[in-house]
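Asks: One letter stands for each residue in the lines below.
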Amino acid sequence: MTARLGFARIGVCLVALAAGWLRAEPPAARPVVQKDFRVFDYYRGSQKPKALLRGGEAEYLLNPIPMRRVTIETYTETGLTNLIAKCDTSFCNRSNRTAYSAGPLEFRLSEGRFRLSGWGYFWSQTNTHLIVSNQVRSVLKGELLSHPMDRP
Amino acid sequence: MIRALLRLCCTGILGWSLLSGSGGGFSPGFAAGLDSLRPPPKAALPPPPIAPLPGASSAAGGRPSPPVADPAAPLPPPSMVVPRGDVEITSEGGFDYEGDTGRVLYRKKVKVLDPVDDPRTIITAEWLTTIVPPPGGKVGEIIALTNVVIKILDPKGAQTASGNKAVYNATNDVVTIYGDPPILEMPSGTLYGDGFVVFNRITSQFQAPGRIRMVARQGVPILGIGGTNAQPRPVAPPPKTDPKP
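Line by line, the protein sequences give chains A and Z. Per numbering that gives the first Met the number 0, residue 0 is the first one in the first sequence, and the count goes up by one each step. Per numbering that gives the first Met the number 0, residue 0 is the first one in the second sequence, and the count goes up by one each step.
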């Protein structure tokens with residue numbers, strides 16, 4: 000009789016423990032961060048890079064991918080860097096190779112020919128198309144506008 | 000010493016022979032021998048003929064100088080590059096950049112300051128587009144669209160041109176303003192152009208071809224011509240006021 004009661008008590012405890020274990024929430028998942036996250040785009044028919052979307056840190060398991068310390072670069076066919084854009088935080092959609100953010104963006108072309116700053120952007124890497132939405136301020140270097148003229 | 004004596008003797012013999020005409024005290028044969036030893040006098044040679052240079056005038060009879068490049072002469076002026084300051088472009092509606100073509104597009108309340116540090120030209124419009132050239136290239140054209148207003152500040156005074164479209168050609172530094180009609184406001188009055196008005200930034204001059212209409216401001220001469228043929232009115236002297244005792 001006493002043994003049966005003991006077994007019953009143990010059984011009840013086990014059942015209670017199992018129920019509690021099933022109801023408990025899973026522990027919070029730690030974000031998986033990849034450093035130096037890169038998305039390349041190449042010129043058609045060659046291995047020459049055309050554009051690069053790079054994040055200093057990226058939680059690549061999420062979709063869209065949150066990135067920090069974002070850099071966007073484009074290159075000419077000869078390998079020279081043409082465009083450099085920098086943003087603190089962005090989201091990246093790897094499937095259609097786009098990136099966007101509501102934060103500030105700094106954009107410039109090589110040799111300082113053209114500089115721009117603004118808020119909010121959308122980048123389409125396949126078309127190398129950049130849209131900046133607000134508070135755009137740009138400076139075009141005067142050398143681009145000066146042409147040789149005959150002396151009067 | 001010996002050489003000096005020899006010279007003296009020779010000089011004496013020569014002088015004696017000249018004075019006497021027949022060799023002096025010497026025998027005629029000796030004098031003749033002396034004469035034979037003297038070199039014959041050279042005949043005066045005529046000056047060598049100088050061929051005249053083609054195209055050179057010999058009226059003065061002088062010898063034409065050969066063509067020599069004057070080092071002090073100025074070289075033909077080479078083409079110059081007009082220095083330009085940086086241009087600032089701002090917009091409230093956003094910015095588009097196409098990497099394949101270099102085309103940029105500004106939207107909504109676009110403002111251009113040229114140059115940015117001391118604006119001589121201020122442009123406002125709703126749209127502005129241009130093509131940013133690749134490294135080593137130059138901008139060809141900048142196009143402003145919709146409600147275009149160009150304000151030009153120069154020593155003559157502020158001039159404002161407004162229209163529907165403006166095209167800036169960086170090659171010859173000329174702005175063409177299109178409108179229906181394009182309006183040009185100057186200190187002397189307002190000009191309504193015929194289709195388009197051209198502004199040359201180098202000479203700071205406007206050109207308005209076609210049928211134009213000019214509305215002049217009162218009392219302001221137009222193109223340096225103004226006033227009437229009436230005699231100027233004499234200015235009345237100020238009234239005299241007696242000093243109070």
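Since the hints were derived computationally from the structure, they do not count as laboratory data. Don't take each hint at face value.
[Said to hold, decoys possible] Mimicking SDA-like on lysine to any residue, the simulated pairs with C-alpha atoms at most 20 Å apart in a straight line are:
hint: 1; chain 1: A; residue 1: K140; chain 2: Z; residue 2: G84
hint: 2; chain 1: Z; residue 1: K110; chain 2: A; residue 2: D35
hint: 3; chain 1: Z; residue 1: K108; chain 2: Z; residue 2: W126
Asks: Against the structure, test the hints numbered earlier, and report the numbers of the ones violated in rising order.
Replies: Per hint list: single violation, 2.
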